[in-house]
Each structure stands twice: as C-alpha cells, then as structure tokens.
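Given chain A, work out where chain B should sit, using these hints.
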Amino acid sequence: MTLSRTEPATGSGKPPVRPAASGGGSRAEERRSRRYRRDARWSPYAFIAPFFLFFAAFGLFPLLYTGWASLHNVSLHDPTHMEWAGLHNFSRLWEDEFFWNALRNTATIGVLSTVPQLAMALGLAHLLNYRLRGSMFFRVVMLTPYATSVAAATLVFALLFGRDYGMINWALGLAGFDHVDWENGTLTSQIAVSSIVIWRWTGYNTLIYLAAMQAVPDDLYESAALDGASRWQQFWHVTIPSLRPTILFTVVVSTIGATQLFGEPLLFGGSQTGGGSHQYQTLGLYLYEQGWFNFHLGRASAIAWTMFLILLVIGLANWLIARRLQRSSSQ
Amino acid sequence: MREVGTVQTDTRDQTPEPLTGPGAAQGAPAPGEGPSGGRGGRTATTKRAGTAGRHLHAGRLTYAVLSLFTLGSLFPLVWTAIAASRDNQRLAETPPPFWFGSNLIPNMTTAWNDANMGKALLNTFVVAGTVAVSTVVFATLAGYAFAKLRFRARNALLLTVIGTMMVPPQLSVVPLYMAVAKLEWANQLQAVILPLMVSAFGVFFMRQYLVNALPTELIEAARVDGAHSLRVVWHIVFPVARPAMAVLGMLTFVMAWNEFFWPVIALTQDNPTVQVALTGLGRGYIPDESVIMAGAFLGTLPLLIAFALFGKQIVGGIMQGAVKG
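For the record, the sequence lines run as chains A and B.
Sequence positions in the first sequence follow the UniProt record's numbering and run 1 to 331.
Sequence positions in the second sequence follow the UniProt record's numbering and run 1 to 325.
Mixed in with the good hints there might be a few duds.
Claimed, not checked - No more than 20 Å apart at the CA atoms, straight line, and that leaves these computed lysine to aspartate or glutamate pairs for DMTMM-like:
hint : chain 1 : residue 1 : chain 2 : residue 2
1    : B       : K119      : B       : D225
2    : B       : K148      : A       : D39
3    : B       : K182      : A       : E83
4    : B       : K148      : B       : E93
5    : B       : K148      : B       : D87
6    : B       : K182      : A       : D78
Stated by the list, open to error - Which chain A residues stay away from chain B? Per the calculated CB distances, all over 10 Å, these:
hint : residue
7    : R27
8    : N184
9    : T188
10   : F262
As the list claims (entries may be wrong) - According to the in silico footprint, chain A covers these stretches of chain B (three or more CB under 8 Å from chain A):
hint : segment
11   : 222-228
12   : 246-256
These are calculated hints, taken from the structure and not from any lab test.
All C-beta atoms in this analysis are idealised placements derived from N, C-alpha and C, irrespective of residue type, glycine included.
The following block holds chain A by itself, in its conformation from the complex:
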C-alpha cells in the first residue's frame, strides 16, 4: 500500500518506465530490465492459464470425447473398449419412445418450474424494493432454500407429497378435496417435481431481479410519478422494460438448469426410471439410466450431445431475441 504514496505521479495511464533513481547503466541493470519486460509480457498468460488448462482437461476434452464416444458402442463394464457404431446411437434415439418421453417431460417440467418461479421472483423483488424494515432478513431467509441441496429438498418434498400421509394431501383433505396420487399421475408428478425447483430457486432469482431494479435510474421513476403513474403503472412501464435484459438472462439460465434436471426426478421416487411409467423421467435421468443401469455409455453420450445441441439452439434463440429487443429499444 505504501507504494502508491511513494510514486503517485508517474503512475497514471502510461506503461511503466524504468525507475530513474536506480539508473546506473550497468549490465546487471540491463538484465533486470529484460527480466522485467519478460515478466510484464508473459505474466498475464500465466495468470489465466490455470483456468484454461483445467477447462481444457475437464470441460473441452470431455465435451469432444463425449461426441466421439457417441459414435461408438461402449459398455459400462469395459469403458475403455470402444466399437465403432457410426450414427447408430443417434438413429436409435430417434426411434426410442422413452427418449421422446423424456424430452417431453423435460420440456413440460421446464415450463412448469420456470414460469411461476420467475413470475414470483419478479413480484417479490418489486416488494423488496420498497423501503422496508427487515429487508435484509427477508432476503436471507428467501435464499435459504438455495442453501438446501437438491437431495435434501427432494427427500422432504417426497414426504410432503406422499399419497397417504403427506401433508399436502392432508391439507387438501381439510379443504374438502380428494387425495391426489401425486407420484403416479403424469401431470401431478411433474407439478410436484417442478415445485421443488421453484422452492429452491425463487429466492435466488428474486435477488437477481432486485439487484437489477436497484440499478434502474431514479429519475425514470420520478418522471413517471410526476406524470401521475401509480405504483402498478410504474412497475409495468418503468421496472419491467428496464429489466428486460435481466429477465432474458434469468430465462436462459433457468432453461439451461431445467434441461439438466436430474436430482429432483431421481430422488422424488427413488428410481432412475422416473416413476413406474417413466412419467417424470427427464433427459438427464434417461442419460443416467442408459449409461449406468443399461450399461450403454455410447448411448448415454449420444443423449448428452443431443442435450448440448438443444442448449445451443436455446442459446441461439436467446441471442436472436436479445438482438431484436435491443433494436426495438434503440428505435
């Protein structure tokens, strides 16, 4: 810290110069300056190298190798033995009703979990943006589900959604409704699985929206208020438009998360089939079943790559929408 005080004037903006005080022109001096330049030139790369090395080893290489493995028959029992299969794993998926079932389930659960989650988060963030007592308390408490692991949360929700003794059916009974067999129904089980996702992530998204709302310039609200806009109108005409990039961002992140859903459907019924008739088996779970219960690592790789392609399509769609929004808002 003292360094800033000794040499404040030379600093601003220019590339570092050799200190004049030590200038003797000796050979040692020259060697030092060469070492100094080499250090300045290569140290940035050294600093970013760990990230890229680890990503290459545990991200990029597996990504490509999964693609390679998806073109082979690979058994879980002998994973180093690969047998060329061409596109057979993919064509088999195309005709596989369980794959389509899993894709459908993933999409349904994705919508069921993302839409209410983000809508509630938006509303809650709006409320938290008021001048509020105990504001930090509310924020921390709403984030606690995020600290709860998928496994712990799913085990509790499986009990709460129990058919005979679950609390939710008990409450429905009090209100005069029949018991629902949550786990065995298609839609009901998907609602139950979605509710776990909603519970865990609503608070997190609320904080993201709240941060974005606090970044909205004050004068926008002030001029809206001068124009006589009510709270509700200010929310619709100032807050929401200002938050559009953030909303898009959370939609993408939640969609990516929903595509990868795995722990919730695995533990809700405790089986990799995702229910007796696969009624809530997601793509992630189907990958797991194919690879680690049917022992077809090649097929699992093909599913993984299909998921990746789906994500790329989502990313592309997001990019197009974002560009469209940008253009419409700049007009």
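The following block gives chain B in isolation, referenced to the frame of chain A:
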C-alpha cells in the same frame, strides 16, 4: 394517490432511525453490497421523489406477502427437523406432526452411523473446502489479468471464459467416468475435486470486482518500483480483492457442497459425500423416513449455520454477481 404519498412521507419523517438502520448496516465494506449500499444515499433524495416507486414505504400487504413467502421458504426446512425428531410410525399417521418429538438425537445417531453421514460430512468438507480455495485463487489471478493487464486477445479470451458457462456437466460425465476407471480413482475424492477446481463464474465475478476496486495507478506504481508480478499479486491484488474473495469462497463452498450429478456417479456409499449418502437414503438404503429426514437435516445443517452467520454477505455476493456488464 397523492394523499397516500404524503401520509407515507410523514411516517418516514417521524421514524427516521429504524429506517436508515438497515441501510447503514449494509454500508459495511463487503463487496457484494454495492447495489444495496446505495440505499443510504438514496434515502436523502427520497423527499423529492414523492410517489416514485421504490421510495414508497411498504404497505401492510407487502409485509403480509413477504411473510407468507418467508414461511414458505422456511417451512420445508423446519419440517425436516420435525420429521427427523419423530419416528417412522408417527410419520405414517394423519394428521402429520407439526411439532418436535423426542427422537432427533437417536435418529441423527442412526443416520451418522448407518448411513455413513459422519464420513460423508467430513468428505464434503474436504471437497468443498479444497474446491473453494482453488476456485478463489485461480479466479482472482485470472480476474486480475482480465481486469487490469494488457495482453493480446484479452477480450476474445474473456468471451471464451463466459462461453464455457454454457457447457453442461452432463457432457463430461462419460469421459470422466472412463478416465476414473482407467486411473482406478473410483470412490476417491480427487475424482470429484479436480473437475471443480476452476469456475468461469468465479473468473467473471473477480474481474467485475477488480475492474473498479483495484486502482490501476497502484499496480503501475509497484511495477515502476520494480516489483515482480507475483509480488504485485501478493501485496496489492490479494489485499484489495479480499472481500470479494471471501464472498466467492462462500458461494463456491455452497455450490460444491451441493454438487450432485458427478459425485453420485463417481462415488459409492463406502466413501460418499453428503449428497451421495442422501441419495443412498432416498433409494431405500434405510427404509425409515425419520432417519432419512435426520440425514437430510444433518447434511443441510452446516450450510444453514453458514447462512445464519454470513447470509448478508452471500446475499450481497449474488446481487453483485447479478449486475452483468
């Protein structure tokens, strides 16, 4: 509308203390609190703003709705503890229990011994701790380079870092499983730790923090004095980055603690992390619901304690990370 606004302004004027209280408390120099820290400043301009949205006091309905969601957020956790303090028979009766029984300690002991929760907790501390430290160090180094150093292809490389966030973990499990089989690392913790050692989010998070927090003149002055770049990192970058490093460390610890997909594949019940042990419980390893709940409670408790202690900083960190460039 106008009248309502006036009334609220009056209320504020009468009770200025408790209202500025939270704002002042947030003014602590933790990094994540930038967005909320501004509230203190805003309070001063409020009078002018009249009925402008965010300056309005929360009405009773607001408190009611927020309390309802607070209850909803906490209820499943509290009920985990309630169910863990009962026994299997009681959980198979209606109505479900709403208050604590006396079996919490016995159930936790059973989970600790029979479901391997003791070993699982220790393992998870090792995994999450190692991952948090390495992620923070590597992210700070890379974040510093991206924020303050000039080098070729800097922007392209930063975009690459952000792009890597798109790659889902499912795409790496098959090759990782093959590698683990070949190296005979199955059931060993390094199989779970190594793939998590760096994080793109972390690099981006530290970069965003250091861009503003670290004065360029400070680095240049040190360089002029002939300081080697590692000395600069150690004596200038790390001290300046420390608050953000703490927040990133906590966020990473939570994420690593809850890591699910790959550990479930790489580890077995003999040497589990908490999530693997809970998966064993969920798959009927022990068919006693109250013990299962005791395991879930045990596995969540450390993070709940961390939230009670550092919740404010974690909230600030998430909000800080949310403001994207």
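Verification of the hints:
1. B:K119 - B:D225: Violated, at about 51 Å.
2. B:K148 - A:D39: Since the Cα atoms of K148 of chain B and D39 of chain A sit roughly 15 Å apart, the hinted pair holds (cutoff 20 Å).
3. B:K182 - A:E83: Holds, at roughly 17 Å.
4. B:K148 - B:E93: violated (63 Å)
5. B:K148 - B:D87: violated (59 Å)
6. B:K182 - A:D78: Cα-Cα ~10 Å, so holds.
7. R27: Holds: least Cβ distance 16 Å, greater than 10 Å.
8. N184: Consistent with the label, N184 of chain A stays out of reach of chain B, its closest Cβ about 18 Å off (over 10 Å).
9. T188: Given that every Cβ of chain B is farther than 10 Å from that of T188 of chain A, nearest at about 18 Å, it holds.
10. F262: Violated, since 5 Å does not exceed 10 Å.
11. 222-228: holds (count 7)
12. 246-256: With 1 residues in contact (Cβ-Cβ under 8 Å with chain A), the coverage given for the segment 246-256 of chain B is violated.
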